[in-house]
Every structure is written in C-alpha cells, then in structure tokens.
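Protein chains: 2
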Amino acid sequence: MSLPDRVKIVEVSPRDGLQNEKGIIAAAVKIELIDRLTSAGFQNIEAASFVSPKWVPQMADGAEVMLGIQRLPDTIYSVLTPNMRGFNDALAVRADEVVIFGSASEAFSQKNINCSIAESIARFEPVAQAAKAAGLRLRGSISCSLGCPYQGETPIQSVVDVAQRFLALGCDEIDVADTIGVGTPKRVRQVMDAVTRIIDPARISGHFHDTYGQSLANILASLEAGISIFHTSVAGLGGCPYAKGATGNVATEDVLFMMDGLDIETGVDLNEVVDIGMWISAHLGRKTASRAGSALAARKAA
Amino acid sequence: MSLPDRVKIVEVSPRDGLQNEKGIIAAAVKIELIDRLTSAGFQNIEAASFVSPKWVPQMADGAEVMLGIQRLPDTIYSVLTPNMRGFNDALAVRADEVVIFGSASEAFSQKNINCSIAESIARFEPVAQAAKAAGLRLRGSISCSLGCPYQGETPIQSVVDVAQRFLALGCDEIDVADTIGVGTPKRVRQVMDAVTRIIDPARISGHFHDTYGQSLANILASLEAGISIFHTSVAGLGGCPYAKGATGNVATEDVLFMMDGLDIETGVDLNEVVDIGMWISAHLGRKTASRAGSALAARKAA
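If you read the protein sequences in the order shown, they are chains A and B.
Counted from 1, the first sequence has number 133 at position 133 by full-length UniProt numbering; the numbering is strictly sequential.
Counted from 1, the second sequence has number 25 at position 25 by full-length UniProt numbering; the numbering is strictly sequential.
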C-alpha cells in the first residue's frame, strides 16, 4: 500500500452535520462545537452556510456563529455561499474560504434547481471572481459524484466536466462528494483516477456518506488514488434527505481510528474528538452514529 | 485494483450472531433464520455450536436446530466443536464442517482458558483426527488475530504460528478473526500477507467485527491480499463481549453491497438478505445494525 503520509480532515459537522437537524440549535452550541473542534486540532472546519434562512432555517445564525468563535490563524473556517448576498455576508465575517457547489447529475440539477449543471455553475461566476479579488480561498463541491436518487450511477465524464468548470472558475480545492452514499471502492477509485488526471490530487477531497456503510472502504480506495483531503463529521452527524433515518456523513472518529492504524498523520486528537462526539450526541438526545466513538467512549468509562 | 472475481460469504448469524443474545431464542426461529439464509444463496452457514450449555445457554438447542433445517446438498452447515463430546454431537446431526478455535494472543489464552496457545490447540487433536476419519471438513479459527483486550496488538508471528498448528491438524480452511474489531487495513494486509505466504489464500477467510467501524476497509485490504472468503452476519447480529453496547460482526448487507459494486460474485441475493435482516431485527426488538440494510429497506418501503 502506497498511501499519503499526512491527510487534511475537513470537519463538516457544524454545517453539513447540523443543517438537517429539525429542532433549531442555539448559536452558543454551534460556537462551542466549533471552538472544541479547533482545540482538537482540525485545520479546516466547515462552519456555516450563508443561504436563505427560508431554505435552511438551521443555518440562519451563520454570522453570529462566525463572529462568536475563537479562531486560530492557521485554521481555515469555510462557509457555503450560493450567491453574492451570501458572499458579502461571508466577507463581512472574514470567512477564510467560500464554497460553491453543483451536481454532477443532470437529472438532480434539473429536478432540484430547475436548470442545467452548466447553468448552475455559471451562476457562481460572480462569487468566484469576488472571492479571488478578496484573496479568499475558493472551494467547489461536486455533489452526486457517485450516484443520484433520480438517474442512478453518475457518468464519470460528468464529474470530470464539473471539476473542469470549477477549475476554470479558479477553485483552489474541489470536492468529490458522494451525497447519497451509494459509491463503492472500485467506482470511487475510477472517479478519483479520472479527476486526478486533470487536477493535482493535493487539491481534491473525498466527501463520503455512510448511508450504505461504504465510507471507510471508499476513503481507503481514495487514499490509494493519492487523495489526501477528507470530509468527516463528528459522531456521524448529518442525515440523508433521500433515505429517511439513514446514516449521514462518515464519522470523524471512525476515520481517525483508521488513519492512526495506517500511520497517517492528521494533526487531530482522537481522544478529544471522542469527547466532543459524546457531548454533541447527548445534547441532541441521541446515540452517537460513530462506531469507534461509541467503543472508545465505553473503553474510557470502563 | 486486482481483486478476486468471486468470494464465498460464510453467514455466521445463527451461531456467532445469536450466541451473545440474552433472551433465549426459540429453536424454531433459528431454523427459520437458517432456512431463509439457505434460500438466499449462502454456500456456507455457521449453524450451531456444540459447547456446554453451561457456557453458552443460547446454543443448547444445536441438535434440534441442525435436525430441523431444510438442507441443500451444496451448502456447508458448520458447527463449533470444542471437544470430542461436541464432535460426536456434530457427527450425529451430520454437520458438514466442524470448527476448532484458538487465540493468537498468549495473554488471552492464559486469561480465558488458563493454558498456553500451544496447549489449547493440541487439545483439538482428537477432534481433528476424528473429523478427518469421518470425512468432514475441518476449519480452524484464529481469534484475536489483530489485537486482544489484554495485550494490545497481536504479533504477526503469533498468527502465523497458530495458522501452522491448524494446518498441521489438517484444517481445510483457516479464519483470521479480528474478534474485538481493532484491526485497520494496513495491519490486516500485513497479517494476510504473512499468512498467505504459508497457506493458499483460497483456504483463508477474514472474520471482521465492526466495533470501530473498520470492517469494510479491512475486507477491501484482504481482497487486495487475495482473500476470497469472508464471514458476515445479517443485520450485523452479534456483539462484542469486551466493549459493551458495541457493534458486532460486520453486517452481511453492507458487505454484499460492496461486493456488488466491486463486480465480485457472491451467489447471494442481497434483496432477500435485506428482508431477512429486517425480520430478525424486528423479532429481536431492535433496529438493524446494517447501514445498507436500513437504507435498502427504507428504499423498498418508499
């Protein structure tokens, strides 16, 4: 196995993890979550989303959260910015990175935002230009990179096309996201191999959901393809809007446990993350969805 | 990725899955479970354990179960036989395969059965001879192959030594079992590479527990090492006696979902297995521990 020596873990729980929660979570809790994640050593935290509160009420307090957290100079705090209004809000709170996004599935794009993939990405041009002008990092997230609820398996060329569009917009980092968790290692490897043919692997991240339990195997396949950035969510926070009650983002604890075993450095303290996972799960009134988190917490208690 | 074209899935839920259940499960339920697993296409089912009912009361009805099931001629029904008494019981109910077992951890062997690994395996000699004489298949299971609750990581040489002892006893198949689920892909690959140096990979199986969520990644690493037999448990039945409340055996549904994606034939009908998983979970009054099982059942219901 020839694997990277070090990976960057992007902790997405404050945004992707919490955005589907039904009960509104107080800004103070989100701030505590982010501050604890910063202390645990994450270099990159997806902190908020500046979308319309009509769409995602859970993220309405993004500015309050961004202004309330204790930031470290070397940690990147990312926010989602669907449009110039969101971008201006992100700029006002000094986000380090703004995230734009598009689906690799034409059917998904048409059904969800009623326009083609090409049109949906072209709409981000002003945001991308403004980010570059302001010296902010720009990330492009390709949703449905492995499959979509409407058209099944996503053609690899569609992922490559969207990656190229994001590249043309000046993205520093590009996410290959398996939004509905249907990917398996062979296909993931094929997609990553195709994308790394046109983009430096150091600029590509893997974003996996555990809907079908495949995330860790997919991360292993991605590591073998030279990918060294992964998105994870403490306690596996986050669901799947297309599979009710299904598991969400891959749990940070499970990924860190694997990285430790692979002798891959993350700079993150697993022990602290286990505590954070148990704390936020208790706050949300549920059992952690992280298997390593659950087993390590039981070991600590014993 | 160079992976096998076909794997054998050994379904262990009737034995390893159910043996830690507290409430006694009726023989009729076990029989229905095995019959449904047979229909779903499993070529090998771990059906019972002929141990003392004082040790494992849940397995006291092994003979009733073995005599009650509808057997297919090409399906292997395996039973655990710790001693000659168990072996004679197994012979009486025409088991196709008997399973003997030993730990690769000296500390575990001493703490649990108060003798050395070498002594514990030597005790199986009469069973092994009797199995060979009776023309039964013989399987040797190496527990704690990746780690143990007392001494931490298991030395690879210890696993190789136990494998050699089982080989000398005439075992047809040898299990590398991660009893407490602490293995990660790099170490699993190292252990499998070491064992395949002395035994044909076609005779080695991987038995993984999802205690830390690592099973699918470990199975992928094993496939890459040429392993083509895996133990799984429908709905992830089975716990871990060393981590209370922790996840047990890797869920069959998750493994089949991955194998389908890897274009690896199993001969097992995932759709039927999802139904079996939901049925047995409902019978036990709990949510399935299989992520793919849960997501696929939700998809069916929608």
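Please keep in mind that the hints were generated in silico from the structure rather than gathered at the bench.
There's no promise every hint is true.
Just so you know, same-sequence chains aren't split out, so a pair can sit in one copy or run between any two.
[Unchecked claim] Calculated pairs, DSBU-like style, for lysine-lysine (alpha carbon to alpha carbon, straight line, at most 30 Å):
no.: 1; residue 1: Lys186; residue 2: Lys54
no.: 2; residue 1: Lys300; residue 2: Lys132
no.: 3; residue 1: Lys300; residue 2: Lys111
no.: 4; residue 1: Lys287; residue 2: Lys111
no.: 5; residue 1: Lys111; residue 2: Lys8
no.: 6; residue 1: Lys22; residue 2: Lys287
no.: 7; residue 1: Lys132; residue 2: Lys186
no.: 8; residue 1: Lys22; residue 2: Lys132
no.: 9; residue 1: Lys132; residue 2: Lys287
Hints, verified against the model:
1. For the identical chains of this complex, Lys186 and Lys54 are neighbours neither inside a copy (39 Å) nor across copies (46 Å), given an alpha-carbon limit of 30 Å.
2. In this homomeric assembly, Lys300 and Lys132 never come within 30 Å of each other (Cα to Cα): the closest approach is 46 Å inside a single copy and 46 Å across copies.
3. With identical chains, the CA atoms of Lys300 and Lys111 are at most 30 Å apart between copies only, with a shortest distance of 22 Å across copies and 47 Å within one.
4. With identical chains, the CA atoms of Lys287 and Lys111 are never at most 30 Å apart, being 34 Å at best within one copy and 32 Å at best between copies.
5. Taking identical chains as interchangeable, the C-alpha atoms of Lys111 and Lys8 are never at most 30 Å apart, the minima being 33 Å within one chain and 41 Å between chains.
6. Taking identical chains as interchangeable, the C-alpha atoms of Lys22 and Lys287 lie at most 30 Å apart whether they share a chain (16 Å) or sit on different chains (22 Å).
7. Within a single copy, Lys132 and Lys186 get their C-alpha atoms no closer than 36 Å, and across copies no closer than 40 Å, so neither meets the 30 Å cut-off.
8. When the C-alpha separation of Lys22 and Lys132 is checked against a cutoff of 30 Å, the pair qualifies neither within a copy, at 35 Å, nor between copies, at 61 Å.
9. Taking the shortest alpha-carbon separations for Lys132 and Lys287, neither the intra-copy value of 42 Å nor the inter-copy value of 48 Å comes in at or below 30 Å.
Hint compliance for this structure: hints 1, 2, 4, 5, 7, 8, 9 are not met, and every other hint is.
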